[in-house]
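Enquirer: So the sequences go chain by chain: S and H.
Everything in the first sequence is counted per my numbering, starting at 141 for the first residue and increasing by one.
Everything in the second sequence is counted per my numbering, starting at 675 for the first residue and increasing by one.
It should be emphasised that the hints constitute simulated quantities derived from the structure, not laboratory data.
Certain hints may be false.
[Stated by the list, open to error] Straight line, CA to CA, 27 angstroms or less: simulated DSSO-like cross-link-like pairs of lysine-lysine:
#: 1; chain 1: H; residue 1: 700; chain 2: H; residue 2: 727
#: 2; chain 1: S; residue 1: 419; chain 2: S; residue 2: 393
#: 3; chain 1: H; residue 1: 846; chain 2: H; residue 2: 808
#: 4; chain 1: S; residue 1: 195; chain 2: H; residue 2: 733
#: 5; chain 1: S; residue 1: 174; chain 2: H; residue 2: 754
#: 6; chain 1: H; residue 1: 846; chain 2: H; residue 2: 754
#: 7; chain 1: S; residue 1: 147; chain 2: H; residue 2: 727
#: 8; chain 1: S; residue 1: 205; chain 2: H; residue 2: 858
#: 9; chain 1: S; residue 1: 142; chain 2: S; residue 2: 197
#: 10; chain 1: S; residue 1: 424; chain 2: H; residue 2: 858
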Amino acid sequence: MKCHESKRLLADYIDGILVPEQRAKVEAHVAGCKACRGELEFLKAYAREMGGLEKVKAPADFLVKVHERLERRSEFEGIMRRLFVPVRIKVPLELAAVIAVIFIVVLVQKKGPSAIEIAKAPAKAVQAETPRAVAAGAPAVKPTAKPAVAKSAGPSKIEPAAVIRLALLIPVVPDAGSAFESAGQAPPRPAGIAATAGIASVQSRGLKPAGTATRPLPGPQKGSAQEVWDAFFAIRDSVYTFRGRVVSVKYDKEANTPEALILEIPSQRLSAFVGSLDKYGIVKGAFDADRAGTAETVTLELTFKSS
Amino acid sequence: MDDSSLIRAFIGGETAAFDNLVLRYKDKVFGLCYRMLGDYEEANDSAQEVFVKVYRSIKGFRQESSFSTWLYRITANTCKNKLVSSEFRKGRVMARLDDKKDGDRPGPAACIPDESFSPRKELEKKERAAIIQKAIDLLPADQRVMVVLRDIEGLPYGEIAEVTGHALGTIKSKLSRARGELRKKLEGMLI
Numbered sequence: 141m142k143c144h145e146s147k148r149l150l151a152d153y154i155d156g157i158l159v160p161e162q163r164a165k166v167e168a169h170v171a172g173c174k175a176c177r178g179e180l181e182f183l184k185a186y187a188r189e190m191g192g193l194e195k196v197k198a199p200a201d202f203l204v205k206v207h208e209r210l211e212r213r214s215e216f217e218g219i220m221r222r223l224f225v226p227v228r229i230k231v232p233l234e235l236a237a238v239i240a241v242i243f244i245v246v247l248v249q250k251k252g253p254s255a256i257e258i259a260k261a262p263a264k265a266v267q268a269e270t271p272r273a274v275a276a277g278a279p280a281v282k283p284t285a286k287p288a289v290a291k292s293a294g295p296s297k298i299e300p301a302a303v304i305r306l307a308l309l310i311p312v313v314p315d316a317g318s319a320f321e322s323a324g325q326a327p328p329r330p331a332g333i334a335a336t337a338g339i340a341s342v343q344s345r346g347l348k349p350a351g352t353a354t355r356p357l358p359g360p361q362k363g364s365a366q367e368v369w370d371a372f373f374a375i376r377d378s379v380y381t382f383r384g385r386v387v388s389v390k391y392d393k394e395a396n397t398p399e400a401l402i403l404e405i406p407s408q409r410l411s412a413f414v415g416s417l418d419k420y421g422i423v424k425g426a427f428d429a430d431r432a433g434t435a436e437t438v439t440l441e442l443t444f445k446s447s
Numbered sequence: 675m676d677d678s679s680l681i682r683a684f685i686g687g688e689t690a691a692f693d694n695l696v697l698r699y700k701d702k703v704f705g706l707c708y709r710m711l712g713d714y715e716e717a718n719d720s721a722q723e724v725f726v727k728v729y730r731s732i733k734g735f736r737q738e739s740s741f742s743t744w745l746y747r748i749t750a751n752t753c754k755n756k757l758v759s760s761e762f763r764k765g766r767v768m769a770r771l772d773d774k775k776d777g778d779r780p781g782p783a784a785c786i787p788d789e790s791f792s793p794r795k796e797l798e799k800k801e802r803a804a805i806i807q808k809a810i811d812l813l814p815a816d817q818r819v820m821v822v823l824r825d826i827e828g829l830p831y832g833e834i835a836e837v838t839g840h841a842l843g844t845i846k847s848k849l850s851r852a853r854g855e856l857r858k859k860l861e862g863m864l865i
């Protein structure tokens with residue numbers, strides 16, 4: 141027997157499964173072969189060592205743990221059974237439900253921005269129409285014309301104010317002479333009046349509220365001038381008591397008198413304000429409280445004239 | 675009661691019969707799992723899983739082989755599946771890295787039990803067992819199952835063929851390769 145054949149049979153020799161004839165041949169070869177003898181010694185030691193390994197035992201609660209695992213598995217399977225059995229009915233229904241939910245979510249997300257755009261559209265329509273409404277305007281002098289009302293998407297929209305033009309005829313008092321004429325002094329000009337060609341426009345925003353004292357008489361010494369200036373200052377100062385404001389002043393440089401006051405008056409107080417002008421003179425011009433329409437404020441151009 | 679009677683009783687609805695089977699074979703199954711996986715907790719988990727599979731599939735057991743052979747088959751397959759799972763392999767890599775930190779010795783590291791509670795021989799025995807287990811852990815799954823079934827559990831070749839589904843020649847070939855690998859790692863200790 142040669143070494144390779146001997147080595148092939150050594151494992152079976154150790155296992156004790158060789159027939160007697162083969163067993164004898166192996167033993168005879170091993171007796172005369174150092175290499176095979178070494179291999180045999182290793183296999184014996186190996187079998188001894190492996191067979192002698194300590195038997196590792198299961199823990200004491202092993203059976204309990206097995207039952208716990210079985211219960212957990214049963215609960216899970218019970219849930220799965222309730223969800224998916226019968227498969228042919230439940231699975232398609234559940235798939236349809238999932239698809240429907242996804243569809244609704246996608247639809248809502250798409251509708252969201254559109255809803256915002258729709259809300260903005262009426263605002264744009266209102267803003268676009270406002271200049272036209274103002275340009276077409278309510279005819280300022282026609283008593284029956286009503287101001288053009290811009291179409292609004294909702295009651296919260298503020299209508300542009302129509303311009304109401306009134307004239308205040310201030311009665312002329314014969315000139316009895318002025319303090320300045322007597323003193324031979326040139327009257328001081330009202331503060332803030334720019335000496336420019338044409339009509340000077342004075343931005344009178346933020347002027348003092350009512351109660352301010354009458355200014356010194358400016359300009360040429362005409363009898364009407366004093367009255368006009370007095371009326372001008374009084375009316376200007378009273379605007380604030382009506383929650384209005386002075387937008388601008390037109391000034392007649394030649395006459396050295398105020399020509400007109402441009403005011404913004406709340407619609408609700410317009411009638412009262414116009415009524416208050418009676419003590420200064422005669423109000424001329426068409427005035428219709430309905431003109432204000434739905435506007436929050438009304439622009440009033442009050443022209444001063446001497447009667 | 676023999677295995678067949680217990681199986682019949684269990685199929686008939688007696689849970690106690692299943693419990694008896696578990697108590698009869700739990701140590702063999704656990705030991706096989708431990709030698710295959712090299713870790714006590716993993717062996718416990720796998721062994722429990724084996725009996726859960728037995729519980730659920732006992733009705734499909736046709737008794738063409740012995741119950742123990744069928745049980746070993748389930749055990750070997752359960753352990754092989756665990757060996758090839760990525761989670762297990764990751765865990766074993768971490769374990770080996772931790773072992774290498776203990777010292778600079780080449781080859782498998784030994785788990786050294788506490789000397790104060792063991793006599794010298796017992797200590798040496800445990801050290802050798804740990805070294806052998808580490809060497810087994812380094813074998814590929816198919817060789818490992820052969821070594822455990824044949825060299826540790828002592829199953830005859832015929833039963834190993836039934837458990838693994840391999841022919842006798844294949845079994846011997848794998849076993850020979852496995853022993854050659856173990857010899858390289860253990861020769862100094864064994865001889």
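Enquirer: Hint numbers the structure violates, sorted upward?
Expert: Of the numbered hints, 4, 5, 7, 8, 9, 10 do not hold.
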